Amino acid sequence: MVIEQYTITTTPKYNFPHLIDTTLPQRLIELSLHSLKHVQNPPFQLNQQTFQQANSLEDHIQTLQPKLQPIPLKPKPQETMVAAVDTSSIKIGETSTGILIAVRGANVWKQNKSYRYIRLGPFLFHITEENKKEVYNALRRAYFNSPHEHDRQSSPNLLQMPTRIANLLERWLQKMFSKTISNGLILFDGSLTSGIADTPTQRMTEILTTARKRNNVVLAFSKMTSLRFNGYLITDVLLKYKPPYMLEMTGLKPKPPIVLLGDVYVARLTKGNYAFRLDIDKEVSHEHRIEAVEKLLGTDLFSQSYPETLRLAHILCTFTANEVIAMQHFIAHRYGLKIINRPDMHRLLFGPFGKGERRS
Amino acid sequence: MKLYKKEGNIVQILSFPNETVEKGDYLLIEDADAGKALIVQVIDVQFASIPGILEELLRSLPDGGELMQGEDFDPLEIAPHITYIQDAKLNICKIRATVENEGLSPSSSWLPSRSQSAIRKLPIPTLLKLAKIDGKLPIVLGGTKDSSFLTIDASSLDGKLNIITGKKETGKSHLSKLLMLNLIRYKVTVVVFDLNGEYVSLGMTADGKRNAYYNKIHVLTPSQNFKIALKQLDLHVLLSILIHALHLPGTSAREFRRIWQSLKERGSLALRELGEAIRNWRCNQHVRDALFSRYYALVNSGFFTDNVAEAMLLEECLFKAREEGGAIIINLRNTSAIDRQIVVEYLLGKFVELLTSWKLKAIFLFAEEAHLYLRETYWDDIVTRMRHFGIFTTFITNQPDTIRQNIYRQADNIFLFNFTNEHDLEVVSRAARVDAETVKSIAVDLPPHYCLVLGKVVKDFPMVAKVKALDVKTMGETRLFFKDMN
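Here the protein sequences come in this chain order: A and B. Heads up: take any position in the first sequence, counting from 1, add 42, and you land on the working numbering. Heads up: take any position in the second sequence, counting from 1, add 3, and you land on the working numbering.
Label-pair distances were calculated between CB atoms; the ranges are: (1) B:Asp90 - A:Ile238: 40 to 46 Å; (2) A:Tyr283 - B:Gln72: 34 to 40 Å; (3) B:Leu114 - A:Lys175: 50 to 56 Å; (4) A:Gln202 - B:Pro20: 35 to 41 Å; (5) A:Ala374 - B:Gly11: 31 to 37 Å; (6) B:Leu114 - A:Leu391: 29 to 35 Å; (7) A:Pro298 - B:Asp90: 51 to 57 Å; (8) A:Arg389 - B:Pro20: 32 to 38 Å.
Treat the hints as calculated values from the structure; they're not laboratory data. Quick caveat, the model's predicted, so the values are computed rather than measured. Glycine included, C-beta positions come from ideal geometry on N, C-alpha and C.
Produce the complete structure using the sequences and hints provided.
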């Protein structure tokens, strides 16, 4: 099926960084409009749900072992660009044939002591069983730049679609940073684990390679991890050392096709009981890794061990309730959808004991 | 606009940025199925409680309180929808009446449909027509927000107790002048207790020429062109002056009554004779001293004369005003506090006398800052007893707490200008014809010269109007030291 072309073009260039490849946003807009065009008339059910990007890859990783000695860190106040990427997706409603979702991404960077951002979206999609494959593959093609690659793979199920589309946008934003920044630190949200449908090893490797060629170091911070040591979450293992420090984790043996493109650390960067899993590009030398984290400590602000640039990226892409109402308003006005409230069966059946569908 | 909530007689209406609604506006909630409509007035405009708004605002200022620099690539143009939702307003409205079969009723016992009702702004002219706020004796108060005139009927001031209040320099005196001049047009007798000499030039235009009211404005300045002869005085009026204005004790008052009767019998009621009589009267020395001190206070006021020809002006002016309408301005500007009380005691007694004998039909009394000359017991007298004689008072003050609470309760009309002090608003909001929320919410935001009209003149539909300008020499401006330097 040929997807109709729309006379909407993306912004040809952005203020910073100089993103040269606008393929994905262009395709996102086209697909967004196309999918919404086919959603006219049926009423839609108000139902919003923010998707956590669950790190299911970790389930495939075997037991790990921490190195006994932590790596002490000393902040290096050296002018370095710090850039961060994050995306967010949300289900904003249901129709009789599918779901309405919104996706948004944010790039934030700190330069000359001030933060700047580019925010892309929200892109709205009406995903149905009929169009999910078409939408997903079209976006992947746009991302992978190869017309027929991976078309053989099955598309995700309907409920996975918001996360998958957000992941595609996130990879694209990461790619843009790796291509445009030099001598900087690029912060990813999540880990450097690859080998599944929306995080192919080859493409992830490409991103890291491009970043390295331009003398960038990729640091991936995971807000949540399920990696355990002696039954405890690795981020709960707090040593009696004065932060900032990192603790290297060894012995991670992921099952194929999962590949770890980074080495895993537990980073406790400020005082307090907060620590995060930190993945650093494997191909970067040990000294450069330490230097990168020290530069990050010297350049960026930290609150509860988490870098401000990444926090801002997360804040900027997250959907607020107000925005969800606005998107529902947009869809209702532009596409004439009638908003209805479907009764919550849990509440209906169990009254105050019904927790509600969203939490089920 | 959408009907959101109703609690008591308060209705909450949701409006969006393209629907401009302001405090004081009237809205009509029409329920076609019920065949009825609710008239509500906006008393407060708030931001609608939008979920996630705090996060939205915090997100816009994450860079140490500075606005974060950045670009939004929003191809579907959803941002305007976000601001549209963010700027949604919640209008807190007071139910004023129900429209049914083209008639108004004060009922608010029914509830219009939330989903089916149509809400629209009710233009003031339509409301005036619906509420029949016009009449045969129109007085244009000023312009409303939707460029129409707010016209009241002069008869709605007839027999009524009115209060004009607001903080300094908001236009109270201006409104009282406007009401007064319009009443004169309808051949009303108006008396003004002019504390600051603001009304003395009402017969002149702003550029100093004579205007249409020139012959109807009679300025009486106590002890100058306004004097009274003892022969004209009734004993009870003089005793009122002595007891209430000059605080003469009861025993001394009894002696004075005997002295007065003695002089009257002899036909020698004159100032000199009165002094002699006190001197020679057989009584306790303390009583004599007390009487003498009051006697000299009367003499020194300059308000009393033995020349009857000198003391005829008040009645002349009142009778002239009775025929063709007019205002008697009692200029109290340079009169001392005691003398003011003497003058006012005399006048009120005189008015009652003239009205009781039907020499006058009614007097519309405008009293500025009445607490400065009106004795305590007169407040109740004015609003109850004297009203039955035909004295219809309008109090003008910038200190609302100087007017007694029971006066507010009985006030028929209140013309309220801006007040920022909550205590002042609290006092005014005790008036029976006013709901406290309306007063507190609307009066606080009134710009200078804008007046919130409450009461019978507007058939209990509170309305805001910008008071019309007058082409008269108002003299109400504050004297400024730096005026010429600028």
